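Student: Now for the letters of each chain:
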Amino acid sequence: MKKNMRRFAVVAGAAAAAFGLTAAPASAVPSTTWTVTPSGSYTATNSGNIVLTATIPMTCTTSSASGTMASTTGNPATVASINAINFGTAASPCTSILGNVTTVATVPWTVVAQDYTAATGVTKGYVGNVKAVVTAGACKFTVTGKASATYTNSTGVLAVSSVSGDLAVSSSPAPVNCGSVVTTATKPIFKGNYAIKASNGTIPKIVGTNP
Amino acid sequence: MRSHRAAVPRSPRIRARSASLTACVVLAALVPTAASATGAQEVDAELPYVCALPSGELPVTVRVSADFPGRATPGEAFSPDGVTTTVELPAEAVADLTALDATTARAATRLGVGVTQNEAAATATWRGTAEQVALPESGPLTLTTTGDVPAVTGRSDGDLAFTAGALAVDLALGAADGSPAGPGSLTVDCSLAEDAPGEGLLATVPLGQDAADPDGTPAPPGSSPGTPGASPGPQDEPGDRRRERAPEIAEGAPGGAAADRDAPPCLYDDEHPSTSASLNAYVTGYTNVKKLKGASLLPLSCVLIEQGPTDIDFFPDFSGGYLSQHSEGTLRHQGRAQTPPFEATFLTFGFTPTKATMVLEQTGPMTMDASGETSFVTLATSLETRVRIPLVLRVTALEVNGTPLAIGANCRTQRPLHSPEPDPAKFPGDHVLLTGKGTHQPPDQPVGYLLSSGGPLTGEVTIPAFTGCGAGGENLDRLLTASVSGPGNYIKQTQGQTCAVQVFNPAECTEDLQPLKIPVPER
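Protein chains in written order, with our numbering: chain A, 1 to 211; chain B, 1 to 523.
Extracted from the complex, chain A is given alone in its bound form (with noise of 0.2 angstroms):
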């Protein structure tokens, strides 16, 4: 009874995140041809905090991220790799009821695409193979999965929305020293929004087609 209890408080807790994602119309055809310019390296800066939840919410004030984007077909498509991202810095780490919060990702990560509205410029996805070690005092967790997620050509920004059940607490290793607050029915979340720039300075633009 209890473990019901708490699947369903923590898909509660996700709706709203989750009701956002579901406003944007999808287009009439998948698209399958995508046109990433320009191509090559980028940086990601996390815009306002980025903000985990693990049962327990955990704000980071600084987040970047590096690697690269090139054009693709098929759908869904990886149209760029995260080669590096980091969550908080040794002078401002993320933080938590629990205290000081150290997040190490395990990389590549994906940005994946799978649907463009050619209207609004917005590509809607997720990113992918996402797996990172959490540590907040002695409690230490690891989460894997993917985190929904829509780019916006005009303004660059990589929004970042995972609903319940896009991300989980592994198993193994599974969580240790973390009490019932995380256990492996967690259902993580990843809030945040980052501006992106291309090498050369420019916002890339993302365009999907279907010829």
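Please keep in mind that the hints were generated in silico from the structure rather than gathered at the bench. There could be a bad hint or two in this list.
[Unchecked claim] Derived list of chain A stretches under chain B, where covered just means 3 residues or more per stretch with a C-beta under 8 angstroms from a C-beta of chain B:
{"no.": "1", "region": "50–57"}
{"no.": "2", "region": "97–106"}
{"no.": "3", "region": "124–137"}
{"no.": "4", "region": "176–184"}
Computed from a predicted model, the values in this text were never measured in an experiment. Glycine is no exception: its CB is placed at the ideal position from the N, C-alpha and C atoms.
Following the hints, position chain B against chain A.
Tutor: For chain B alone, coordinates are given in the frame of chain A:
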């Protein structure tokens, strides 16, 4: 000239009076330790600094004022008195702070002070704190901090030169609604401008009796200095006991900088091995002694913590849950459950320096129980941690005017210090209760006491009657009890960031797995 001695002359009458003076000493206000001197020099130095603010480097005027003794005696510790650091932030710097939506700031300063004698040098950290001030909407702002500074001892004749060096200004920023603004805190690092007069020289204190001017006008350094003996405080690891040339900075006073590692060891070892849930941390702070109308520094102490799991008990409507966590810990100093020895010096009757050496001994388990709640809807989360620890206060030495007084080997409080306990059925027995509260409203950062990251813990304690004090037929119990013991003594302890020793984090742990963060005591 030669009659000017650093030490206050001891008279038989003072000795006779010492028994009653003793009573006023324990846990008394920390004022400049040890020898005072004749012909004090009042220093008020205006120094140009360059400070790194968020928008870039800006010139900042820093004033340092202090009273130095006109002369001191080799081997005897002295402290500059009345130390005040004033930082005059220009309008641009204030704009940097208001740009973070801050409306108030509370400043703490850490001024590195070089103490040199001939070519020997040591560095002291002069710490100061200020009351919260409102930020002007425009224009400059003056921050004035005060604090006690470490005692200094030279062992031989010669001049001790005090020179201002790097300055760090720690700013706690507050928004209009009282919540933390921007990142909550900001450290502004400042360095002495290249054109600073006298390269930052604050004062020169001649040691011994053979120098010329008893008023101690700045003069080139003389002969070689030495090591002190004063306040063991957190640093009772003298390290090298050989005659050292550098002047000794006693850290009986506030904490010590991380860079200097002016901190007692804080390690797990074979006797107390670590587990995957082991944390270590430093704590330090002040306790008021109501009867003496003063406050005493509680020394930088090591705490070893076994952090318990955090559990959640969901609300009936699944909109959130209650959080709880039970952890246990112990003080640890040289293998014993106690603080390092520490000193408090009190000007008994306002003029007689009387010094007590004390230690707080843990007589039972230390527990940390946290409870709070989190909302899945708003993400608002709060946690209150109650730290309980039974502590006996032991007095190990007393000095009046530098004259040791026989206190005996077993002078201590009859019972552990104790606080009002809201849940005596669950937590029986005498113990100190300190409470820390943390709240977190994403996307902002948490504020307050955070279990593994530290913060302020406060409480109120009753100091029980003393027993076993006195020797040679002189019973000092009643005097100590009458002067010191009693309820309502406010305590504020600051815990630093813990190091999770089996989850090594270079931002939180030293390479040998001690806590990297050394907290600064706050009043």
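Student: Look at each hint and say if it fits the structure.
Tutor: Verification of the hints:
no. : hint    : verdict
1   : 50–57   : holds (count 6)
2   : 97–106  : holds (count 5)
3   : 124–137 : holds (count 3)
4   : 176–184 : holds (count 7)
Of the numbered hints stated above, none is contradicted by the structure.
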